[in-house]
Amino acid sequence: MLNGFSGVLYRELHVFSKKIKRQILASSLSPFLFLIAFGWGFGKDVTINGLPYISFLIPGLIAMSTLNQCYGISQEINISRFYFHTFDEFLIAPISPVEIVIGEAFYGVFKGTISMGLIFLYAYLFQVKLLFNPIFIPAVFLHMILFALLGVTMAMIVHDHGNQANLNTFVITPMIFLCGTFFPVDKLPGFFKVIVHSLPLTYSTKIIRASLTGGSVDLTHLWIILGFSVLFFFTALWALKRVEA
Amino acid sequence: MKTVVLQAQGLQKKYGQKLVVKGFDLTICEGDFIGLLGPNGAGKTTIIKTLTGLSKPDGGHITYHGKDFFSHSRSAKKTIGVVPQHNNLDRDLTAYENLYLHSILQGVPKKLRRGKVEEALEFAGLSDYRNQQVKTFSGGMKRRLVIVRALLHQPKILFMDEPTVGLDPQIRRSLWDLIIKVNQSRKTAILLTTHYISEAEKLCSRVKIIDAGSIIAEDTPDHLKKDMGKYVLEVFQEDHIDRLFFPTKEMAYHKMKEIPHEAKIREVTLEDVFIKLTGRTIDA
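Chains A and B, in that order, give the protein sequences.
Read in the working numbering, the first sequence has 239 at position 239, and its numbers run on one by one without any break.
Just remember that the working numbering sits 245 ahead of the position in the second sequence, which is counted from 1.
Be aware that a few hints might be false.
What the hints assert, rightly or not - Straight-line distance between alpha carbons at most 20 Å, and here's what the computed SDA-like set of lysine to any residue pairs gives: (1) B:LYS301 with A:PHE82; (2) A:LYS18 with B:THR381; (3) B:LYS361 with A:ASN3; (4) B:LYS494 with B:PHE481; (5) B:LYS323 with A:PRO94; (6) B:LYS387 with B:GLN415; (7) B:LYS323 with B:CYS274; (8) A:LYS21 with B:ASP335; (9) B:LYS380 with A:ASP88; (10) A:LYS18 with B:ARG375; (11) B:LYS355 with A:LEU9; (12) B:LYS380 with A:ARG22; (13) A:LYS19 with B:LYS380; (14) B:LYS387 with A:ASP88.
Treat the hints as calculated values from the structure; they're not laboratory data.
Let the sequences and hints guide you as you build the complete structure.
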């Protein structure tokens, strides 16, 4: 029982441990640059919805950085599928596809949690005041699992590395910039507003921000990201079953 | 009577519109050592992928111990070990970690895992390198590790896809010894694909010659050769070599005297069988 889940995690965590310094450095650099540029450079005297911009930005960076790390497992799966063929070990093993999907998703959550910890550390160093609401925990967990499951789905759908890069360029990057990580989506024109409200990051960013800045938490957003998580669990399972005989 | 481990009937596989495996049949019993011999692109790897669950067939049936592979895939997968054509070890993990991971995935009970891993390292002669990352290993060491990894959970059948491709002759021979030991001491059935004629002749009790996705001959290596004749007379023409087959050396010698060209008599090999059946060499 659960050999698949523990096997996938054993593999991913051991590989991660060999590259831990590089991994942490990589996940710490981009939010740090955003903080310097938008937090200090641009947003020092700017307020949004009554919040100093840097306080507005920190939850957005948590949403962005955890998304990058969780969804980023698709790149790692992709390399192990098409380049090193190590993923074949999972496919020929007597384990259930559900265990592979959940194992990979939890690895994504693990990576996301590390990057989240780094941003909390930055918030402390930059003396950003956060008002913690316990709803943050299920919200950020669902946000991470949602994008890790999307990552598994994409890794199973693509046919090569190029395909994967295109998906990142045309789906993930626009989503990161438009779904409220750096500015409130209410300021977008009508057409874009419709688009961003069909994407899960909009809702997870809203609830993560509200639960860290003392804003009013709309539980509907939690249900929406739970719905997306369930949807992406099934898409990941479907996509994995397509590649496994 | 030997137990049938694997039976495949009418296996078909398409890539796009192209049929690359055309009605492949196979029965493997306990302890069998069957070789799939064919040139690059004959469909050997596709057949292995289809039989091991890495690729879905477009037609035909596969059963392991009499049970349909796809409706009992978890129990069937427990009985198989796979040595893929390209090493798919985790290069960042150590030899020990690679084997331990395999033991988890294959459901080896926790208390037995460490012992099984140590035993496999010993069998491969890699105990001294247990904590070394695989990316530092030579090609031969990686190959030995892949083979013992596939055996760690004691499969009933081992699929080996071109296990010695790209290795130098000395390492190839040491791997042959390891493979023979596995087949004889553990009675593990083996299905081996190769385009090295000598490998099939040395290792396999039965050989299936495949070309363009179809079986064109199958028998023991000795019978396949005997059916051609025991001796071959090679006649060196200006732009090609003619091969004439004879049951005795005397008959071949008698014919050689009548031929005005340079000629040579030697014993028939499986390569001659292949050339006779397909009209080309295996590397063509």
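Here is how each hint holds up against the structure:
1. B:LYS301 with A:PHE82: 17 Å, holds
2. A:LYS18 with B:THR381: Between A:LYS18 and B:THR381 the Cα gap is close to 14 Å, so the pair holds against 20 Å.
3. B:LYS361 with A:ASN3: 16 Å, holds
4. B:LYS494 with B:PHE481: 18 Å, holds
5. B:LYS323 with A:PRO94: 6 Å, holds
6. B:LYS387 with B:GLN415: Holds, at roughly 15 Å.
7. B:LYS323 with B:CYS274: 16 Å, holds
8. A:LYS21 with B:ASP335: Holds: A:LYS21 and B:ASP335 sit about 19 Å apart, inside 20 Å.
9. B:LYS380 with A:ASP88: 18 Å, holds
10. A:LYS18 with B:ARG375: With a Cα-Cα distance of about 16 Å, the restraint between A:LYS18 and B:ARG375 holds, given a limit of 20 Å.
11. B:LYS355 with A:LEU9: 16 Å, holds
12. B:LYS380 with A:ARG22: 18 Å, holds
13. A:LYS19 with B:LYS380: 14 Å, holds
14. B:LYS387 with A:ASP88: 17 Å, holds
Violation of the numbered hints given earlier is absent; every hint is satisfied by the structure.
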